[in-house]
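Dock chains B and C against chain A, hints included.
Protein chains in written order, with the numbering used here: chain A, 9 to 398; chain B, 9 to 398; chain C, 9 to 398.
It is possible that part of the hints are untrue.
Pairs count within a copy or across copies, as identical chains cannot be separated in the list.
As the list claims (entries may be wrong) - Taking lysine-lysine pairs in the DSBU-like style, the calculated list, with each CA pair at most 35 Å apart, reads: (1) K127 <-> K337; (2) K111 <-> K337; (3) K245 <-> K111; (4) K284 <-> K127; (5) K342 <-> K267; (6) K127 <-> K245.
FYI, nobody ran anything at the bench for these hints, they're computed from the structure.
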Amino acid sequence: MAVSLHASSRASINLDTDVKPSIYFKSHLFHNQHTTYKNRQAACFSTKGILRIDHSSKHFSFQRECYSVDVKKSPTTTKSKFQLDDVIEAQQFERDTLNDIFKVAREMESIEKNSSCSKILDGFLMATLFYEPSTRTRLSFESAMKRLGGEVLTTENAREFSSAAKGETLEDTIRTVESYSDIIVLRHFESGAARRTATTANIPVINAGDGPGQHPTQALLDVYTIRREIGSLDGLKLALVGDLANGRTVRSLAYLIAKYRDIKIYFVSPDVVKMKDDIKNYLTSMGVQWEESTNLLEAASNCDVIYQTRIQRERFGERIDLYEAARGKYIVDKNVLNVMPKHAVVMHPLPRLDEITLDVDSDPRAAYFRQAKNGLYIRMALLKLLLLGW
Amino acid sequence: MAVSLHASSRASINLDTDVKPSIYFKSHLFHNQHTTYKNRQAACFSTKGILRIDHSSKHFSFQRECYSVDVKKSPTTTKSKFQLDDVIEAQQFERDTLNDIFKVAREMESIEKNSSCSKILDGFLMATLFYEPSTRTRLSFESAMKRLGGEVLTTENAREFSSAAKGETLEDTIRTVESYSDIIVLRHFESGAARRTATTANIPVINAGDGPGQHPTQALLDVYTIRREIGSLDGLKLALVGDLANGRTVRSLAYLIAKYRDIKIYFVSPDVVKMKDDIKNYLTSMGVQWEESTNLLEAASNCDVIYQTRIQRERFGERIDLYEAARGKYIVDKNVLNVMPKHAVVMHPLPRLDEITLDVDSDPRAAYFRQAKNGLYIRMALLKLLLLGW
Amino acid sequence: MAVSLHASSRASINLDTDVKPSIYFKSHLFHNQHTTYKNRQAACFSTKGILRIDHSSKHFSFQRECYSVDVKKSPTTTKSKFQLDDVIEAQQFERDTLNDIFKVAREMESIEKNSSCSKILDGFLMATLFYEPSTRTRLSFESAMKRLGGEVLTTENAREFSSAAKGETLEDTIRTVESYSDIIVLRHFESGAARRTATTANIPVINAGDGPGQHPTQALLDVYTIRREIGSLDGLKLALVGDLANGRTVRSLAYLIAKYRDIKIYFVSPDVVKMKDDIKNYLTSMGVQWEESTNLLEAASNCDVIYQTRIQRERFGERIDLYEAARGKYIVDKNVLNVMPKHAVVMHPLPRLDEITLDVDSDPRAAYFRQAKNGLYIRMALLKLLLLGW
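In isolation and in its complexed conformation, chain A is listed as follows (with noise of 0.2 Å):
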């Protein structure tokens, strides 16, 4: 990093200001022992109260004194790398971003194959907060810090907290947690309580989906396993299948995947379920090409994925009859296979109900489990970059 810092007294501190001091403060408070020698002046301030600083004014609070700040531009010669403060949204990520948090993800997958069982994260905690049950996704990112040597808070009863007998806000229940962890992974039942989470925090915080508005991990690891699989991401051919209006991994996906060059994407859904306008405005305006399809065999036969979805019965209330027969519209079954190219790749959030058949499972094209996997590597490399930096 070529961020520097000074404390020539407790009044004064020089800061590069190409980074938001109150968030580049937030993930060295409390972790010295993984920062080079001029970091740990800050943390030798940090270890003293809550260092607040008020970014506009240039004063900062520390234990119950007030200091002014001296904020100088130190003299940098490479580029700072962007630093990662927190995880909430899939378009927080620009493509230079992307590809970096990838190469870092690939490297996480030969921690595991030498199994050098690296301990890089000893010493961290990670808390996961979970306000609704979500064991998929819990047990990703607790793998992912237990990987790494890190430790793991667990809670999926994070409800209790804000129970009607006891009524707590979030911002309150966050000041608490962070005090016994180094990193919070949020999980949500509100759109927008991870950005709560993560202003509050003073420490770094991961969005493992928050209600109906984001789960940015999961745009991540999608980005990613195409990569993987397809080895490029410019020039790509998707077909996004099945419910495209309530997915949240689709619209994310949608985002992420604009930012690169000469994209197409087939929307291939029932009726009831298309993909709704703003995504469509948003594609058109990068410049990505997309047209609606309703037939799955010619997207299918054209494309590099088939990103398949779960049509979720709960989003059609009483009318049992268009869920039926929205679900059996678009299944990807061998005569799907028979027309794929041979370098291309079948995908799915899961879980999968029928929308797959069985017998896709043993192709070498069915990417989904192998997907699944790379949950695990993005979320390695999150935890790495958010608590020691790149």
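Below, chains B and C alone, put in the same frame as chain A:
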């Protein structure tokens, strides 16, 4: 291990055909830090994709390409030890294997004694996948794993995977969970679930109870306890007391104990929960003497082991009267102790209600809490054997 | 520790009689890697069975044989420090012990500061046995254990042990759980459950709240916070505000604070939830000055500490009108801050609803989140003391 593995090229590997290749690879795919040089050759393959060996056709697919397998019998100078792949049911263990497992369990006792806090499973991750809560069994497995330096991913909420809204198959869940962990401990409400899991998984599986089916680690710890307490299993006289019709514990124990010589079993139970004919016929076919008795004191005065069990109210439905009658009929109390030989022991799988009175606890022959502790050693032994081999 | 232990033979051991043998052995039986050579003699015994010392008769039974105990007073040149065996209730701690614990807690703060990520509890296993969920308390204990390198077995589902279908006694559950772990942290819905657990267990027990009874670690962290924030406890002026009738927090705090000199307490509460006479009489007997006040501003202007608590709706049953009246009566807001001395602090056990307004949070005198963090240090200190001694 006497198996040797050579990879002269990607297209050909040599295998000791004493070992089922698909299962052999299973325990070593992801743990090459603990294997010898030769095994690492296999691990080297494994990290690049899922290596699937079709045993009959002697072909295997790796990544996306298909290779033929050149299976040669290596010259082995010493007899290969039985390779433990999964723990699914009590019947899978032969007398020699039991003795070998008990030797390892005994070593586990001294690991704790020296408190060198062995780290032999450092870097290994166990998933406790519980479809119904069983806190006692779960904590025993998790303690075993952690006592050996391993780590745990835990869920008592696994039913969520197959919830009505989602409906994922057990097989899909297993293929996801195996990508996060090195070994799966499964508790399930359906008989046969453990076998399905083992068939699907490329990592070892332990059955921690699947419905009315099997609970093999309980049976192993029972036999281990008898051996530790009495010294020998051959020549044993054993009274099985209580609910013999529904208790999977006593049924599994009967299966295992029949593998030893000169066994005599007394069945002491209320009429409504008598031992079923399948077990009686099995014992007879194995040359085990058995008789039914209505006199607990007489049985107790003759036996080395009194194995008491709980009468389960839920088995009686509306007939509370039958339950109350059955429940009070055979109680182990001071009177029973008075007629028991000095060397004999009282065992119980726990939890107990009042079928053993509290004043028995302080008698040295009350072995049931030592029995619970032996569960820890047996599980430590199994985890070691499944992950590291003999 | 000044205690010495010699085992000249299996039939005789020397004990420093300053120490209750049964409890002395307790913390050392299974952890000889952390004890000195002499203690290992005891551990050597312990690994072969449950060592039970009958204190009065000076006999002990080991395995199945009975020995007489030769208890001699060892020559001790330095005064033995109080040996902490269990943490059951606030009253168990004398002023000197409190000071000693606080010294260790202060050291725990610097363990984190240097982030040497101490591993002093490496190899130890804590069981968090929660009969009712309390995620905040559980995470605090588990963080404390993991920050010291220890491991955790966790259940918020402990009621399952004593479920209607099974009906196991607490004592039987404890004897099972103690065979899996080195220390038990118990949360229970029944007053007195912690003491029953400590009586049964051969390993240390910490009460993490038992029904309306005690929550001693909360009381310890409260007193520790006052000392850290104000500097001294003697001469303290303290306002206890809110629900003083039902809050076990304020009651325990009153018990502890009475051990210091020149204390003055103001009780500021709605009439329906006034402090009860037992505490008032106790304080009077201890020479503590107290008065009831209906004027929060006046109390605030005189005090070093404002300890605010939540009015619990569930205490009012149908009388929502009384609840609403009580709830809004004494709010800590900017007006209160304006009259508070500059050195004073606002404390709260959390969670809070609106009894402290959000604009108070940014004032340096708002100590409640620092208080929550202090809970971590107190619990680290207790775990260290119970498992390793002073």
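Hints versus structure:
1. K127 <-> K337: neither (48 Å within a copy, 53 Å between copies)
2. K111 <-> K337: Classified as neither; 38 Å inside a copy, 58 Å across copies.
3. K245 <-> K111: Answer is within; shortest intra-copy Cα gap is 23 Å, inter-copy 59 Å.
4. K284 <-> K127: neither (45 Å within a copy, 53 Å between copies)
5. K342 <-> K267: within (32 Å within a copy, 49 Å between copies)
6. K127 <-> K245: Cα proximity of K127 and K245: none, with 39 Å in one copy and 49 Å across.
The structure does not agree with the numbered hints 1, 2, 4, 6 stated previously, though it agrees with the rest.
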